[in-house]
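Chemist: Based on the provided sequences and hints, a complete structural model is requested.
Number of protein chains: 2
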Amino acid sequence: MLKVPEHQVAGHQALGGHLGPLIDDSGRFYKPLQGDERGSKEMSFYTSFSSNTRVPEHIRRFFPVFHGTQLVEASDGSGRKPHLVLEDVTSGQFKPCVMDIKIGSRTWYSESSEDYIQRCLKKDMETSSLSLGFRISGLQVYGNKESEVWKPERKVVQKLDADEVRLVLKRFVSSDPSPDLESNPDCCYASSVYGGSTGILAQLLELKAWFEDQTTYHFNSCSVLMLYEKKPLLPKKGGSSAAEVKLIDFAHVTEGKGVIDHNFLGGLCSFIKFISEILTNPDEQSPRTCSQYSDKNGGATENGAAESK
Amino acid sequence: MLKVPEHQVAGHQALGGHLGPLIDDSGRFYKPLQGDERGSKEMSFYTSFSSNTRVPEHIRRFFPVFHGTQLVEASDGSGRKPHLVLEDVTSGQFKPCVMDIKIGSRTWYSESSEDYIQRCLKKDMETSSLSLGFRISGLQVYGNKESEVWKPERKVVQKLDADEVRLVLKRFVSSDPSPDLESNPDCCYASSVYGGSTGILAQLLELKAWFEDQTTYHFNSCSVLMLYEKKPLLPKKGGSSAAEVKLIDFAHVTEGKGVIDHNFLGGLCSFIKFISEILTNPDEQSPRTCSQYSDKNGGATENGAAESK
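Each protein sequence line maps, in turn, to chains R and Z.
For the first sequence, the residue numbers in UniProt numbering are 1 to 309.
For the second sequence, the residue numbers in UniProt numbering are 1 to 309.
Hints listed in this document are in silico derivations from the structure and should not be mistaken for laboratory results.
It cannot be assumed that every hint is accurate.
If chains are identical, the list can't say which one is meant, so a pair holds when it fits in one copy or spans any two.
Below, computed lysine-lysine pairings styled on DSS-like, alpha-carbon distance capped at 25 Å [stated by the list, open to error]:
id	residue 1	residue 2
1	273	208
2	246	159
3	151	231
4	231	122
All values derive from a computational prediction rather than experimental measurement.
Modeler: Take a look at the structure:
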């Protein structure tokens with residue numbers, strides 16, 4: 001029984017009878033194969049990547065597991081259509097906090113049509129892509145209260161400037177994701193989600209090292225997904241917040257032809273700088289509300305961010 | 001007494017009565033201040049950079065020393081004009097091998113005029129900038145015979161593809177810089193010029209680490225200059241080839257505003273990958289002619305590249 005995914009923050013959505021991805025209860029994500037070149041490109045990528053023995057195992061985990069393609073009833077009622085069958089990365093999570101960041105100051109590539117280049121160029125200049133080397137495509141953050149969720153307008157988050165992006169990245173790891181721009185986010189989860197030996201920053205640095213070397217694929221217009229589950233009152237044994245980084249959206253991947261993906265790598269390094277600044281500037285955190293939510297066995301200390309000062 | 005520099009490989013040139021840079025015998029390089037915004041931008045950069053205490057000393061050495069501005073007789077006979085007074089980086093060298101590499105897949109920036117953006121974009125697409133993240137703007141390589149020098153057409157080197165750039169980078173460190181595309185360059189100087197703890201690669205990696213962190217300047221349309229002096233029969237005591245990396249051309253530097261220069265960094269990483277591949281693929285070198293030229297006290301072994309296999 002397929003249903004509309006609850007935690008999608010960017011991309012085409014099936015809600016309201018449109019064509020979009022679906023999920024099932026076994027943890028699979030069904031992405032309709034776009035009719036034009038994009039669908040075949042994305043399938044080619046997954047097929048090539050799955051069988052590429054030169055991709056190290058510690059890098060492979062950053063990509064959704066690919067289960068092939070399958071004909072399923074499309075979400076727009078247009079009958080059975082081919083879908084990519086992928087891992088549903090938020091499967092089993094009750095309150096997944098998710099952010100989709102499209103990496104690269106340029107979303108077009110030389111093989112694109114003149115019209116596509118001009119449209120992308122315009123969007124890259126209107127959004128933060130050109131200035132920051134990435135743009136936030138969408139996000140959702142749960143609060144600690146049962147019903148609280150912050151899911152800002154995609155059109156707004158794409159165009160944030162550097163200071164606003166910093167604030168959103170702090171709010172993403174705070175106990176209260178309140179959209180009130182005046183409030184100072186407490187960054188309670190910064191050390192357990194962004195920091196630590198298995199946190200987001202460590203994972204991004206692993207990806208970066210691979211991008212400094214790999215010359216097989218150019219990940220045009222591809223996104224980094226950051227996700228972790230908000231469990232304020234249920235600190236887990238064993239430590240980490242189980243925060244994860246995934247790469248998604250491969251409809252515009254092209255061959256690297258022996259050259260590294262300098263566009264993706266540059267944008268990734270810029271994003272890494274934003275994350276690491278949050279971890280190295282603890283004086284900008286306000287620890288007053290952190291202790292009750294800190295993950296006692298996690299990256300944060302018993303007093304949350306307070307003791308990292 | 002000012003004269004036309006002999007070893008300039010890119011940029012405006014004073015030869016034939018044009019407006020271009022001049023040098024003197026004391027090791028200074030006089031660059032005419034371009035009348036438009038570019039001149040004032042370049043001067044602003046040198047002034048800001050000279051007094052910026054946040055630039056580490058080991059990074060400062062990658063920039064030409066700045067001695068202020070001076071009114072000198074312009075090379076085009078138009079009278080006394082203001083010039084930037086800089087360090088002449090090839091001063092005192094008899095056979096400097098020089099390569100100018102313009103870094104970045106994008107040479108324009110958001111503050112540029114629409115017309116400038118379109119012109120740069122066209123050139124970035126026509127040259128290797130878009131595909132490789134950099135383009136070679138010019139080079140000269142001396143051979144071991146007295147009169148031999150290879151100084152290919154700038155218009156040609158800008159448009160080389162990845163394989164051709166690899167070949168040029170090999171030829172730059174070979175005993176015979178013959179432009180015969182069929183010949184296999186011997187890479188005799190690869191380990192002493194590109195390799196070693198003070199070679200080109202080590203210097204580029206230092207620059208890279210700084211670019212991962214610095215958010216003060218965006219070096220749009222700026223070049224990395226690689227230089228070393230060819231002294232085949234005079235191996236120096238103490239080791240290295242004294243190969244140097246310099247950053248030049250700051251007429252389009254803009255404020256970083258708290259964001260790293262992801263465009264420059266991405267291109268620099270791509271260039272680094274090309275250089276490191278030459279060092280890690282010794283099997284593509286042909287060591288047969290190397291021993292007589294190897295730097296006995298330098299990065300290379302007594303048999304040159306042969307023993308690195």
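Chemist: For residue 273 vs residue 208, is the C-alpha pair at or below 25 Å within one copy, between two copies, both, or neither?
Modeler: So residue 273 and residue 208 pass the 25 Å test inside a copy (12 Å) and across (14 Å) alike.
Chemist: Please work out whether the CA atoms of residue 231 and residue 122 approach to 25 Å or closer within one copy, between two copies, in both situations, or in neither?
Modeler: Intra 40 Å, inter 51 Å, cutoff 25 Å: neither.
Chemist: Within a copy, between copies, both or neither: which one fits residue 246 and residue 159 at a CA-CA cutoff of 25 Å?
Modeler: within (22 Å within a copy, 36 Å between copies)
Chemist: Please work out whether the CA atoms of residue 151 and residue 231 approach to 25 Å or closer within one copy, between two copies, in both situations, or in neither?
Modeler: within (18 Å within a copy, 65 Å between copies)
Violation of the numbered hints given earlier is confined to hint 4; every other hint is satisfied by the structure.
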